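Engineer: Sequence:
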Amino acid sequence: MPSLREIRIKIKSVKQTQQVTKAMKMIAASRLKRAQGQLLASRPYAQKVEELVSDLSRRLLKEGRLMPQLLKPRPDAKERLLVVFTADKGLCGSYNVVMLRETLKYYERIRGEGGSVHCFVVGKKGRDFLVNHGFQIAREFVQFLRRPAFSQAEIIGKEIVDYYVSHPGIAGVDICYMDFRSVVRQIPAVYRLLPPGLGGQQEKAEAPFDYIYEPGREKILEELIPRYVNTELYRLVFEAYTSEQASRLNVMENATKNAGDLISDLSLLANQVRQASITRELLEVVSGAEALS
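End of the sequence shown = 447 in my numbering, gap-free, step of one.
Bear in mind the hints are in silico, worked out from the structure with no lab data behind them. Accuracy of the hints is not assured; some may be wrong.
Said to hold, decoys possible - Taking lysine to any residue and the SDA-like style, the derived pairs with C-alpha atoms no more than 25 angstroms apart in a straight line are:
hint: 1; residue 1: K179; residue 2: K232
hint: 2; residue 1: K169; residue 2: L420
hint: 3; residue 1: K278; residue 2: A409
hint: 4; residue 1: K164; residue 2: L245
hint: 5; residue 1: K373; residue 2: R213
hint: 6; residue 1: K243; residue 2: V344
hint: 7; residue 1: K226; residue 2: E376
hint: 8; residue 1: K216; residue 2: V285
hint: 9; residue 1: K164; residue 2: R434
hint: 10; residue 1: K243; residue 2: Q173
hint: 11; residue 1: K179; residue 2: P380
hint: 12; residue 1: K259; residue 2: V285
hint: 13; residue 1: K411; residue 2: G244
hint: 14; residue 1: K232; residue 2: Y260
hint: 15; residue 1: K187; residue 2: Q201
hint: 16; residue 1: K187; residue 2: G247
hint: 17; residue 1: K226; residue 2: R381
hint: 18; residue 1: K243; residue 2: Q201
hint: 19; residue 1: K164; residue 2: S320
hint: 20; residue 1: K164; residue 2: I417
hint: 21; residue 1: K411; residue 2: L258
hint: 22; residue 1: K278; residue 2: L254
hint: 23; residue 1: K216; residue 2: G370
hint: 24; residue 1: K373; residue 2: S320
hint: 25; residue 1: K411; residue 2: S421
hint: 26; residue 1: K259; residue 2: G288
hint: 27; residue 1: K216; residue 2: Q201
hint: 28; residue 1: K226; residue 2: R371
hint: 29; residue 1: K169; residue 2: Q192
hint: 30; residue 1: K243; residue 2: D328
hint: 31; residue 1: K278; residue 2: I264
hint: 32; residue 1: K278; residue 2: K232
hint: 33; residue 1: K243; residue 2: R213
hint: 34; residue 1: K243; residue 2: P322
hint: 35; residue 1: K278; residue 2: E256
Predicted model, so just to flag it, every value in this text is computed and none were measured.
Work out the full structure: start from the sequences and follow the hints.
Structural biologist: Listed below in structure tokens is the structure:
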């Protein structure tokens, strides 16, 4: 059994750790609240832009009209560009593990179809993992999303568009991110960014009305594409960032609770050791008194 001094040292150490986890929990809660508000505000606009671009793209494709370069299907291409969102730091539970597991599944699926993957990585944890496991990374964005903003989405969007245009063998651009559902529930997902609405999980039916567009569908679609890419990336950045903060909040909350339980157990053990020590000293006194009598 450890000595009373050793137990008190452990209690002091656990209390110091609990102060750290409690502070990190408060920071994560503050960041989560702010990020959640920005995410909820970005979703409706991004959804409407995506629906408009998808509907215009399908109509032009159906009519055999001239399509912008970013929206033209590449049926003979077998390569994919994957953008993976991970965290720059740890202490966020299984967030990074789940994202990297989803990334590996994506690699296996594309390679099983006879294709190859070009990879952009956002976050230090994802970069380190993929490099250590021999994966080639085309672009990396490390320590980039400390404070997510639209300007950062524009930077990533420009890199994606330039890379996609310069590599005609790439069939499409997919985003691997964590979809935020609630504080306690986040789901890994893969979203088709380019070309939009021409296949994949988010394909929707055409709009019920054929609107009149001025100065024309092609011109409007060409102007909408950069805005679509940036607004979708802005939303996905906040989906990932909000999920990361929610995961970190849950982990720090559990760690703080576990530290409290451990302090209670150690305090009980300290009392037991102290009681045993007092009992032993009393027995020694009584035994000495009896020996003298």
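Engineer: For the pair supplied as a hint, K243 and V344, is the alpha-carbon distance within the 25 angstroms limit?
Structural biologist: With a Cα-Cα distance of about 22 angstroms, the restraint between K243 and V344 holds, given a limit of 25 angstroms.
Engineer: Is the Cα-Cα distance between K187 and G247 25 angstroms or less?
Structural biologist: Judged against 25 angstroms, a Cα distance of about 19 angstroms means the pair holds.
Engineer: Is K411 close enough to G244, meaning Cα to Cα at most 25 angstroms?
Structural biologist: Given pair K411, G244 holds - Cα atoms ~19 angstroms apart, limit 25 angstroms.
Engineer: Taking only the CA atoms, is the gap from K164 to R434 under or equal to 25 angstroms?
Structural biologist: Since the Cα atoms of K164 and R434 sit roughly 24 angstroms apart, the hinted pair holds (cutoff 25 angstroms).
Engineer: Between K164 and S320, does the CA-CA distance stay at or below 25 angstroms?
Structural biologist: 59 angstroms, violated
Engineer: Mind checking the alpha carbons of K259 and V285 for me, to see if they're no more than 25 angstroms apart?
Structural biologist: Roughly 17 angstroms separates the two Cα atoms, so the pair holds.
Engineer: Does K373 pair with S320 here, judged by a C-alpha cut-off of 25 angstroms?
Structural biologist: 22 angstroms, holds
Engineer: For the pair supplied as a hint, K179 and K232, confirm whether the alpha-carbon distance does not exceed 25 angstroms.
Structural biologist: Not satisfied, since the Cα-Cα distance of roughly 44 angstroms exceeds 25 angstroms.
Engineer: So if I understand the rule, the pair passes when the alpha-carbon distance is 25 angstroms or less; does K278 with L254 pass?
Structural biologist: Since the Cα atoms of K278 and L254 sit roughly 12 angstroms apart, the hinted pair holds (cutoff 25 angstroms).
Engineer: K216 and G370: Cα distance at most 25 angstroms?
Structural biologist: 16 angstroms, holds
Engineer: With the threshold set at 25 angstroms, check whether the alpha-carbon distance from K226 to E376 stays at or below it.
Structural biologist: 12 angstroms, holds
Engineer: Keeping to a limit of 25 angstroms between CA atoms, is the pair of K226 and R381 held or broken?
Structural biologist: Holds - the C-alpha atoms of R381 and K226 are around 17 angstroms apart, at most 25 angstroms.
Violated hints for the displayed structure, listed by number in ascending order: 1, 8, 11, 18, 19, 21, 29, 32, 33, 34.
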